[in-house]
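Okay, here's what each chain looks like letter by letter:
2 protein chains.
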Amino acid sequence: MTTMRRKDKEIAAEEAVRLLTECEYGVLSTIDADGQPYGIPLNYVYTDHQLYFHCALSGHKLDNIQSNPRVSFCVVGHCKVLPSRFGTEYESAVAFGVASEAHGPERHAALLALLSKYSADYMEEGKAYIQKHDADTRVIKISITRISGKISPAKPKP
Amino acid sequence: MTTMRRKDKEIAAEEAVRLLTECEYGVLSTIDADGQPYGIPLNYVYTDHQLYFHCALSGHKLDNIQSNPRVSFCVVGHCKVLPSRFGTEYESAVAFGVASEAHGPERHAALLALLSKYSADYMEEGKAYIQKHDADTRVIKISITRISGKISPAKPKP
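As you go down the protein sequences, you meet chains X and E in turn. The C-terminal residue of the first sequence carries number 170 in my numbering, and the numbering is unbroken. The C-terminal residue of the second sequence carries number 170 in my numbering, and the numbering is unbroken.
Nothing false has been slipped in among the hints.
Pairs involving identical chains hold if they fit within one copy or between any two copies, as the list cannot separate such chains.
Restricting the straight-line Cα-Cα distance to at most 20 Å, the calculated cross-link-like pairs of lysine to aspartate or glutamate (EDC-like) are:
#1 Lys-92 with Asp-133
#2 Lys-129 with Glu-101
#3 Lys-92 with Glu-34
#4 Lys-139 with Glu-118
Think of the hints as simulated: they come from the structure by calculation, not from any bench. Keep in mind the model is a prediction, meaning the values are calculated, not measured.
With the rest of the complex left out, here is chain X (with noise of 0.2 Å):
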């Protein structure tokens, strides 16, 4: 895989994942059978060095996925424009992974972990949901082959 150019921008793996962790929402970027590359916002839920996201039956990004698997993912967490310093401070993560499609105990297990993780405070009416729903949702798993992460502008040296 490409290295990054900017060494001093790279962050540790460890932030990186926290980053994952954290961000309320990623852009999933896959390729259609055409070669045209496709980048949507996800919720979703990183657990077990495993991205998982929920969808509905049908839809763009499981035609891509399904023609072919290899995505990558992007979070961005703190963002902030400095005007007077033409650029921004921002850290940022990409997951490249190959997503397939979670059955059975994994899947449940995923959508629990996607409750936790939105709504906390409503987890016995969410596990109402996910069952009521249980027919009409597919859940992606992307198994992660690297994760890297970016900072910018870069920290001082300590």
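Starting from the structure of chain X, add chain E where the hints point.
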């Protein structure tokens, strides 16, 4: 191109253009020479139905664009998790297009448009900054071929 599955979530082209105009950053999705999708956040400006961003003379996204100029660019506007509704309210737009390097007056106009978007109170200092970094800056144009926008949950019908 694939059309959107949920027509009730689709937003009008003008609203997608508003998002592209107003958002602070977007995620550029490209494909590397090996077929791996790659999405990263970028500052950018939308002007004359084109997107422009600037970058260093070399790097991963430039390599990708040189081997495959087809890209997509995703922006997210208002975004709010609704814990009790097990969903998220958000608005997003995706522009599909072809990336190429901008030169001459077009390149200069794009740098001024970026300056005006991000550092409107520092135009004179910004012009000096542009001149100082002229030799180590590339400007990339995304010639937009299609824009789509989405809002979720769907706006109630009036």
